[in-house]
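Trainee: Spelled out from the first residue to the last, the chains are:
Number of protein chains: 2
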Amino acid sequence: MKVAKFGGSSLANATQIKKVGEIIKSDPERKFIVVSAPGKRHQTDTKMTDLLIQMGNSYLNGLQYETNLKLIMDRFTEIIEELNLSNELLIEFETMIKTVLNAEQSNADKLDAIKAIGEDSSAKIVSAYLQSMEIDAHYINPLDAGIIVSDEPGNAQILPGSLAKIYTLHEKDGVLVIPGFFGYTEQGKLTTFSRGGSDITGSIIAAGVKAELYENFTDVNSVYSVNPNIVNDPKEITILTYKEMRELSYAGFSVFHDEALIPVIKEKIPICIKNTNNPDAKGTFIVSEREVKEDECVSGIASDTGFCSLYVSKYLMNREIGFGRKLLGILEAEGISFEHAPSGIDDMSVIIRERNISPSKEAIVINRIKEELHPDMVSLHRGIAIIMVVGEGLVNTIGVAHKAIAALTEARVNIEMINQGSSEVSMMFGIQSTDMDRAIKSIYNAYFVKK
Amino acid sequence: MKVAKFGGSSLANATQIKKVGEIIKSDPERKFIVVSAPGKRHQTDTKMTDLLIQMGNSYLNGLQYETNLKLIMDRFTEIIEELNLSNELLIEFETMIKTVLNAEQSNADKLDAIKAIGEDSSAKIVSAYLQSMEIDAHYINPLDAGIIVSDEPGNAQILPGSLAKIYTLHEKDGVLVIPGFFGYTEQGKLTTFSRGGSDITGSIIAAGVKAELYENFTDVNSVYSVNPNIVNDPKEITILTYKEMRELSYAGFSVFHDEALIPVIKEKIPICIKNTNNPDAKGTFIVSEREVKEDECVSGIASDTGFCSLYVSKYLMNREIGFGRKLLGILEAEGISFEHAPSGIDDMSVIIRERNISPSKEAIVINRIKEELHPDMVSLHRGIAIIMVVGEGLVNTIGVAHKAIAALTEARVNIEMINQGSSEVSMMFGIQSTDMDRAIKSIYNAYFVKK
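If you're matching them up, the sequences are chains A and B in order. So the first sequence is numbered by the working numbering: it starts at 1 and just counts up by one. So the second sequence is numbered by the working numbering: it starts at 452 and just counts up by one.
I should point out that these hints are in silico values taken from the structure, not numbers from a laboratory. Please read these numbers as outputs of a predicted model, since none were measured by experiment. Where hints are given, some of them may not hold.
Stated by the list, open to error - In silico BS3-like cross-links for lysine-lysine, where the CA-CA straight-line distance does not exceed 27 Å: (1) A:Lys266 to B:Lys765; (2) A:Lys441 to B:Lys854; (3) B:Lys821 to A:Lys266; (4) B:Lys717 to A:Lys314; (5) A:Lys326 to B:Lys777; (6) A:Lys31 to A:Lys282; (7) A:Lys25 to A:Lys110; (8) B:Lys812 to A:Lys326; (9) A:Lys293 to B:Lys901; (10) A:Lys266 to A:Lys282; (11) B:Lys469 to B:Lys491; (12) A:Lys361 to B:Lys777; (13) B:Lys765 to A:Lys326; (14) A:Lys326 to B:Lys491; (15) A:Lys268 to B:Lys765; (16) A:Lys210 to B:Lys469; (17) B:Lys744 to A:Lys314; (18) B:Lys549 to B:Lys491; (19) B:Lys777 to A:Lys370; (20) B:Lys719 to A:Lys403; (21) B:Lys719 to A:Lys370; (22) B:Lys777 to A:Lys314; (23) A:Lys403 to B:Lys854; (24) A:Lys266 to B:Lys777; (25) B:Lys821 to A:Lys268; (26) A:Lys282 to A:Lys25; (27) B:Lys892 to B:Lys686.
All chains should be modelled from the sequences, with the hints used to inform the complete structure.
Mentor: Below is the structure:
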């Protein structure tokens, strides 16, 4: 039994929804379907969820919202007409929107209810379309599915106990189509997850029904081993572990909403990233454990810019018990989360995302460090890029670090930082942002291009 | 004007003291002389300070101490007779010992006073011997020299204000011979520094008199670029910066007492390590800043065994603000000082000296981590060796890390950890202790052996 989740691009228009129909029809194991709201039809298009948010904000601010409403209804009309579905759905959607707008509730709750209309309508459309294909499909509301969440509008958390309720979905016949992105509080109030939360619904349903496979349909054939904007036609990844996925997504790979994976990871359910536009492509499997071939110890190379390094040096620092903790404590007190804090003997570097430390915050932090820790030197250096070389085979493979470092040296890249060994599945390099593309190409060639 | 400090091996017997006399005579700039107690004359000999401590403990425990006293006086007798000095010195030393033993004071203070006799007698012997060479030499007691310290027996700290007093030593004529290792409290009570504290005295005197050079006479021609027990006839280091010295001494190089250097570092006084047995050898200069030649970016390779790695892994660790601080806080609360704490995305490794975490402490710490931080995994791995590659030229030299890593790969050494970039003058590698000698030889060859 599989759970298949379709993202926004898979539901952007009738053509896409027809593909979704074929995909569901082609495999009777696809019993639980989770859908996003209609996404962009083309580069400059607006997502349904954004149209809904604009309408909601206009309404709440007493501005005219009818233009937005018309745009929304036009998109639904286009989809429903092209799919030859009943106009009654349109009437249902418009009634639903107006009911929500007029309901007596807090602004936060109303906005949540408005946002959820995209996914909810998607599920109803897909369900109706599957029925028109003579599939025994049923729309299931998240309340009926058992998705019980905390009362945190826009950031709901699944409550313990939900999974057992969700498991009872097995008792229902046919294909069940469930809208992503929202659940209901114990008091029965609709509440949404954080943005991108359809992945959360998919993951919860997969964990709840104990699926054999959680299929995540997107618009790419697979996860690539490196950013295709830097390296042309990179190798597709066929299998990854959860840990590898997580390390890759940290530094630029954005296939998944990280938190979303927690339920499937706990249940060790394999995930498959597949392409709605090319369902025959094998996709990328993400699993709990995998076999590692000796010559394929690296799975992928991720990279991200926008880091800075806070450098603190003090003679005999390492004799001063608690120095590192005090330094990190200052950052925490100033609300600055840090990424890594490698230390030398009398030196410590703290890697921080530049967006997390404004120039004014920088001045405050440097002042506090000077006054509270009396260092010999403290400085902050911006414009750093991070490269993550990720692979389950990294640990215990002799020479794997050598390959990356030789590649960086060959590309004449100065290595500002190497952090290897703290993670079992990755090595991290810090370089100047301006060197990044050159560095990535060289490392990619070293691991992936046969010579 | 130079301060010359002579270590125990330079004062072990009359032959050595004669060399010291020649060294002082050969350079009129050597005005301030700091001496240790007589050291070992041969491998199995006992240092004078240890004889004194044994005697003191016997006395304090009501045991017979006369055998020790005889051994002590025999050594002094041998030295004084061979140097043809007056027997009055012997009478003075024996009287001093008896006075100290019989004095009304706490055990800690008495032990300090007993320990200090080694250095004090050394200074008197050297002063008398220099006079016999017709040098205008004077013994100066630390009280008269202005070495005023805190009242912490066995761990005295120099008090602010001492340096100004010490500067007035310039007003005295001739060569001044000052015993190392102890000072006096503001109440006039003799108190010793921590063991090896003659280096502290030398450094304080050098800083106080604002010496042009602080000469530290030992029994080696220079600091070597690598442990001579691992690599035969290694390259001698001619110049090092304070920072390089510190990083090297962290991992096995034991030329200096780290704290001892603080006063000279603050005053930016150059240090020269020289050999009493071969004073014509240039020695190793240790300076504040130095020029770096492009092909000599590495100064030395230090190594040390006896480390372990505490590994903690938790999905989404890096989203959890304060996780690292909490982990280090547990170690601090358990009194465990750590060396480094490199972190990955969802992983953190803490490098700890094995002697600092007993198996029972390990169990407590792992339990607390499990209960307080709920990690996915926590484990401790012993038997790790650390290699430090040290050099002022490391920063901004492309390919320098490559050389070390290529050497480790060539030697088939698995690299457990790389920490580069947190220090500007060192790279740190973690490997299995069993691989250490092989690893060191290979890295040494890569940087120091012309091919």
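Trainee: If you check each hint against the structure, which ones fail?
Mentor: 7, 9, 14, 16, 20
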